[in-house]
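K.L.:
Heads up: the sequence lines are chains A and B, in that order.
For the first sequence, the numbering used here assigns the number 1 to the initial residue and increments by one for each residue that follows.
For the second sequence, the numbering used here assigns the number 1 to the initial residue and increments by one for each residue that follows.
Quick caveat, the hints were computed from the structure, so don't treat them as lab data.
Keep in mind that the hints are not guaranteed to be accurate.
[Claimed, not checked] Listed next, the in silico PhoX-like pairs over lysine-lysine satisfying Cα-Cα at most 20 Å (straight line): (1) A/K499 x A/K485; (2) B/K234 x B/K293; (3) A/K231 x A/K173; (4) B/K499 x B/K598; (5) B/K288 x B/K61; (6) A/K310 x A/K598; (7) B/K584 x B/K549; (8) B/K262 x A/K475; (9) A/K262 x B/K310; (10) B/K288 x B/K140; (11) B/K492 x B/K549; (12) A/K584 x B/K496; (13) A/K262 x A/K140; (14) B/K475 x B/K310; (15) B/K475 x A/K262; (16) B/K499 x B/K485; (17) B/K522 x A/K598; (18) A/K496 x A/K598; (19) A/K584 x B/K549; (20) A/K549 x B/K584; (21) A/K549 x A/K496.
[As the list claims (entries may be wrong)] Here are some of the chain B residues that sit facing chain A, going by a computed Cβ distance under 10 Å: (22) I7; (23) T9; (24) L157; (25) H260; (26) P425; (27) H595.
We put the CB at the ideal spot given by N, CA and C, even for glycine.
The primary structure of each chain is shown beneath.
There are 2 protein chains.
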Amino acid sequence: MAVTSTISTSTIDTVKEKARRLGVYSMMSTTAAGSGHPTSCLSAAQLVAGVFFYAMKFDPKNPNSPDGDRFVLSKGHAAPLLYAALAEAGVFPLSRMMTLRQFSSEMEGHPTPLVPGVDAATGSLGQGLSVGAGLAIGAKLDGSSTRVYVLLGDGELAEGQVWEAAAFSGHYKLDNLTAIADINRLGQSEPTMYQHDMEIYRRKFDSEGFDVQVIDGHDVAAVLAALDHAKSTKGRPQAIVACTIKGHGVSFIADKEHWHGKPLSKDELARALQETGTVAPIPPDDGKSYARKSLPKPPDFPPPAAPDYKADAKVATREAYGYALKRLAPVNPHIVAISGDVKNSTFSEIFGDAYPDRFYQGYIAEQNMVSAGVGLAARGRVPFLDTFACFLSRAYDQVRMTAISRASIKLCGSHCGVSIGEDGPSQMALEDLAMFRAVNGSIIFYPSDAVSTERLTEAAARAEGITYIRTSRPKTPIIYSTDEKFPVPGFKVLRKSEKDRATVIGAGITLHEALNAADQLKEQGIAIRVIDLYCVKPIDGDAIAAELKATGGRLVTVEDHFEEGGIGEAVLSALSDAGTAPSKVRRLAIHGMPHSGKPEELIDAFGISARHIVDAVAAIGS
Amino acid sequence: MAVTSTISTSTIDTVKEKARRLGVYSMMSTTAAGSGHPTSCLSAAQLVAGVFFYAMKFDPKNPNSPDGDRFVLSKGHAAPLLYAALAEAGVFPLSRMMTLRQFSSEMEGHPTPLVPGVDAATGSLGQGLSVGAGLAIGAKLDGSSTRVYVLLGDGELAEGQVWEAAAFSGHYKLDNLTAIADINRLGQSEPTMYQHDMEIYRRKFDSEGFDVQVIDGHDVAAVLAALDHAKSTKGRPQAIVACTIKGHGVSFIADKEHWHGKPLSKDELARALQETGTVAPIPPDDGKSYARKSLPKPPDFPPPAAPDYKADAKVATREAYGYALKRLAPVNPHIVAISGDVKNSTFSEIFGDAYPDRFYQGYIAEQNMVSAGVGLAARGRVPFLDTFACFLSRAYDQVRMTAISRASIKLCGSHCGVSIGEDGPSQMALEDLAMFRAVNGSIIFYPSDAVSTERLTEAAARAEGITYIRTSRPKTPIIYSTDEKFPVPGFKVLRKSEKDRATVIGAGITLHEALNAADQLKEQGIAIRVIDLYCVKPIDGDAIAAELKATGGRLVTVEDHFEEGGIGEAVLSALSDAGTAPSKVRRLAIHGMPHSGKPEELIDAFGISARHIVDAVAAIGS
């Protein structure tokens with residue numbers, strides 16, 4: 001790759017000076033904070049300066065504009081460098097950058113979208129290229145000329161997700177996506193696996209279909225030429241693999257181990273600035289917040305056509321999910337879907353077959369799927385992402401980071417619980433409710449029939465934050481009329497009398513077991529209250545408490561999930577927050593390790609069938 | 001790669017016939033079961049026959065022997081093929097293989113170690129090569145000539161973890177590890193990303209340092225020659241990339257879409273057998289279990305040297321973890337450790353520096369680290385695996401599968417909660433307790449001082465199943481004398497009087513806040529009971545109930561974790577199981593999204609400091 005001579009010396013000098021300043025600001029702000037990663041900033045100063053002050057279409061007055069190019073700092077610990085670039089570009093004052101890591105500042109230790117110009121939180125490594133791929137797909141869907149730049153560290157290139165993202169980007173020929181890999185040789189605790197063997201990285205990106213340039217990441221002329229070449233590349237994503245020095249430009253930290261995540265002391269900073277040159281004094285912070293006032297939210301849309309199931313139909317909730325997406329598609333053009341190679345099991349293919357331009361095959365790469373969803377959401381899309389519920393555990397870190405990104409994504413996990421049957425425990429989600437409940441601000445829907453599935457999928461499309469829809473494999477009867485409403489939070493009381501002996505709470509397959517148990521008990525002259533907890537989070541504890549009070553405080557919960565963190569604990573917790581507790585309680589849930597078998601065998605063997613509910617009601621007394 | 005001529009025609013013919021039978025058995029057993037993946041078996045029949053009946057050192061009387069070679073079926077949905085190979089080898093009768101997927105059978109839909117010859121559960125894709133790497137390292141540590149074969153599907157090659165494992169295997173030059181990739185072109189829902197582009201796969205494995213052979217996976221002579229070549233390769237792992245046909249050998253399913261995970265009907269089976277030839281009739285199952293009677297358990301070992309902290313020392317629990325491992329090392333030679341490039345933060349470097357031959361740099365690849373631990377455990381090692389607690393969420397699927405593998409691994413997650421401070425939410429584990437509690441059979445330790453950390457790390461080394469140790473970043477005072485015992489389950493009552501107004505339960509950093517609160521309240525003449533819940537799972541609900549009863553049923557829990565699934569819910573759940581509930585309760589936990597700041601600022605701002613505990617005790621009344 002010859003460096004072209006069309007870039008003027010003055011342009012190169014300007015970017016050099018920007019890079020110098022970004023490096024200095026990174027050192028100054030981390031020293032002021034007393035923590036942070038200055039050496040990880042210095043290795044990438046020329047790369048970031050080249051992107052921000054040469055390559056990017058960027059309006060500092062509107063730094064998150066969809067018309068502009070986008071920058072994702074996958075190596076989130078280099079946050080000071082990003083904040084310096086944004087400040088230098090005029091997005092906020094330099095003085096604000098210097099509030100790095102303070103409690104009162106949006107300039108957090110790792111970037112979040114509260115910082116103007118940032119689309120997604122980073123800091124858990126290896127996720128940025130997926131986010132960038134989502135942004136790049138979103139730009140293409142918009143017909144926009146937006147380009148996306150992602151800066152990755154070499155330490156994080158050990159994360160498999162990076163290669164999921166690379167394969168995905170290559171497959172979808174995302175030529176508006178440029179990955180810039182800062183190969184500074186040193187990880188946190190010791191040198192990286194490949195150190196400065198640039199050819200290995202070249203081969204890795206090349207084998208994923210990238211246009212690859214290997215450059216000296218501190219040679220500004222080379223950086224700018226590489227960015228030009230990337231911009232002119234058609235038909236495939238580009239990788240600029242940059243050989244760099246951690247701590248570049250400061251002799252006593254450059255290329256040295258044991259300098260990861262360590263700020264310079266004031267004396268060391270003074271010595272460093274003697275080598276790099278200084279900057280004009282930065283005034284004190286004015287205390288004003290520069291946090292973004294609003295973040296992308298799912299757009300409103302008119303109601304979709306109503307579900308049209310026959311009252312005597314049996315339809316799996318997983319299948320109804322597919323019909324729901326298809327019915328939502330015409331009224332909400334922002335909806336897109338990605339499936340982890342299971343669209344014929346989760347039934348997102350019903351949507352995908354009808355709207356192929358809005359459906360992406362994600363292959364078996366759940367981590368990339370979720371983080372790409374974050375990129376799509378940042379671009380104003382409403383992403384629905386699906387796989388078997390158990391395999392969403394593969395992307396728990398990505399879901400956690402989605403919450404920090406304040407992104408609105410919708411996850412559908414099918415095949416929950418032992419009721420999947422013969423495939424066995426590796427395919428059974430039995431911890432997904434615990435997992436999603438612990439995500440900040442999440443909403444959890446667990447529909448029990450096709451109508452509620454459709455209505456809750458619509459609610460998911462409207463919801464802010466992370467919404468999880470738990471669907472089941474078996475076909476189940478229709479419970480609700482097609483005009484039923486499902487408020488959030490909320491639940492439905494399906495059996496109710498003046499003399500109910502206990503409140504039985506189920507959802508999904510166990511709701512049908514509870515209804516069956518109610519019928520059996522009725523024959524014995526025993527009435528029970530049956531609740532469909534279609535919304536597992538949030539729960540209106542006061543409303544549950546009222547039902548419970550009417551049944552003598554006697555409670556039975558029954559769930560196709562392990563006991564820990566599931567419906568039983570969610571209900572106890574909500575009641576506790578409402579200042580009450582059941583007088584007597586039986587919580588039926590999966591205990592021990594399940595195995596293969598027929599669904600009905602397993603439901604019974606693991607203690608969540610109608611028979612066990614009947615027994616629990618008997619045991620709880622009256 | 002020329003096919004060598006040293007393999008006799010009769011050998012080739014024998015393996016051909018074995019392959020034919022394995023294919024037929026796979027079809028027969030899935031038809032009998034009414035579900036399963038026959039086409040995924042047929043693509044790999046020659047490969048598996050070559051491994052089992054030509055390459056592997058394998059004693060069917062002792063199929064899990066560490067002296068034998070090992071086989072890992074990473075594409076776990078081809079379980080019938082594995083069961084057929086084991087049956088054909090004589091490990092159990094063919095009749096037992098035919099009980100596939102039945103409730104009463106150990107022949108589950110996807111393999112688990114209950115099946116003789118299986119080391120680890122598979123079925124969540126992309127994990128087998130990591131398990132194989134762990135087995136291969138374990139064999140090298142043992143000085144054994146054991147070789148490890150891993151069969152991967154092409155669908156699962158989209159999982160990033162495969163490439164984490166490949167990089168890890170290449171880096172550690174695991175020349176006793178052979179990856180066999182069954183490139184059958186078709187995923188579950190549609191063709192794979194690269195279909196039969198074998199050169200892409202060659203480049204990908206090559207760039208990870210593998211010796212790569214691309215072969216026709218149905219040409220038995222080529223398969224055997226490739227296995228020979230792999231066996232003779234020194235200094236690096238090998239990949240046999242096999243071009244295959246899904247449903248090979250049966251014209252109406254071969255290379256056809258929509259035949260994933262679908263058994264043949266009886267009529268279709270009859271037609272298929274006309275093409276493949278039949279086998280001798282298989283007698284009915286004798287109903288006898290062939291499940292393994294015992295699985296690897298952590299070996300017993302003599303007590304380590306006692307901790308030797310001074311009573312007035314302040315030591316972070318994360319640091320004590322490192323000392324604990326170092327002290328355990330001489331008395332338990334089976335202990336090994338892997339760190340996800342954070343050994344200088346989790347302090348496993350204290351062990352690694354002292355015992356470099358038993359320490360592995362895992363780089364930033366948490367998924368591979370956990371699954372490699374499963375392989376090590378299957379080989380009799382006691383693996384301790386560490387990273388920041390929040391990044392263990394990256395490997396939740398792998399942890400889930402570890403439980404199904406019945407493997408004993410020990411996970412240390414440092415930097416829990418908001419108390420890490422300035423790095424911000426991406427580095428704070430606030431859902432890890434929820435996550436690990438929902439893992440079947442898990443044990444969770446949450447030490448509050450250096451002494452308990454050491455004792456609980458010892459307990460972890462002795463424990464079966466998954467043990468999670470949650471450590472904290474801040475330095476904390478020593479609470480316990482060095483000879484204190486920490487039974488499991490158990491807790492410590494650190495403040496107790498006759499007139500305690502409430503029971504306050506904390507752990508880690510919040511225990512110190514609770515002790516501080518007790519001191520403050522004492523000055524007001526108010527006594528509280530303070531409990532150190534060092535073991536968060538299991539919890540002895542009766543014992544907690546007894547303490548609670550003595551304090552009027554008034555309970556305060558306080559934790560550096562989100563409310564959902566954490567200590568508060570764990571305690572409510574344990575009390576509920578013990579048939580009781582607090583009369584009044586305040587649960588202090590993290591609500592909302594935290595951000596950067598000083599640890600003490602955050603602990604206070606998010607409501608879990610001593611001040612808030614004092615307020616909660618006041619609010620709860622007397």
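K.L.:
Does the nearest C-beta of chain A fall within a distance shorter than 10 Å of the C-beta of B/L157?
P.N.:
holds (8 Å)
K.L.:
For a C-alpha distance cap of 20 Å, please report whether A/K231 and A/K173 respect it.
P.N.:
holds (14 Å)
K.L.:
CA of B/K584 to CA of B/K549, is that 20 Å or under?
P.N.:
holds (11 Å)
K.L.:
CA of B/K499 to CA of B/K485, is that 20 Å or under?
P.N.:
Cα-Cα ~27 Å, so violated.
K.L.:
Check the hint pairing A/K584 with B/K496 against an upper bound of 20 Å on the C-alpha distance.
P.N.:
violated (29 Å)
K.L.:
Tell me if the straight-line CA distance from B/K288 to B/K140 falls inside 20 Å.
P.N.:
Roughly 36 Å separates the two Cα atoms, so the pair is violated.
K.L.:
How about B/P425: closest beta carbon in chain A under 10 Å, or not?
P.N.:
The hint holds - B/P425 has a Cβ within 10 Å of chain A, the shortest such distance being about 5 Å.
K.L.:
Mind checking the alpha carbons of A/K584 and B/K549 for me, to see if they're no more than 20 Å apart?
P.N.:
It holds: about 17 Å lies between the C-alpha atoms, which stays within 20 Å.
K.L.:
Is it true that the CA of B/K475 sits at most 20 Å from the CA of B/K310?
P.N.:
Between B/K475 and B/K310 the Cα gap is close to 14 Å, so the pair holds against 20 Å.
K.L.:
So, B/T9 near chain A? Judge it on the closest CB pair being under 10 Å.
P.N.:
Since chain A brings no Cβ nearer than about 38 Å to B/T9, farther than 10 Å, the hint is violated.
K.L.:
Would the hint linking B/K522 and A/K598 be met if the CA-CA limit is 20 Å?
P.N.:
Violated - the C-alpha atoms of A/K598 and B/K522 are around 60 Å apart, more than 20 Å.
K.L.:
Mind checking the alpha carbons of A/K499 and A/K485 for me, to see if they're no more than 20 Å apart?
P.N.:
The hint is violated at about 27 Å.
In this structure, the hints that do not hold are numbers 1, 2, 4, 6, 9, 10, 12, 13, 16, 17, 18, 22 and 23, in rising order.
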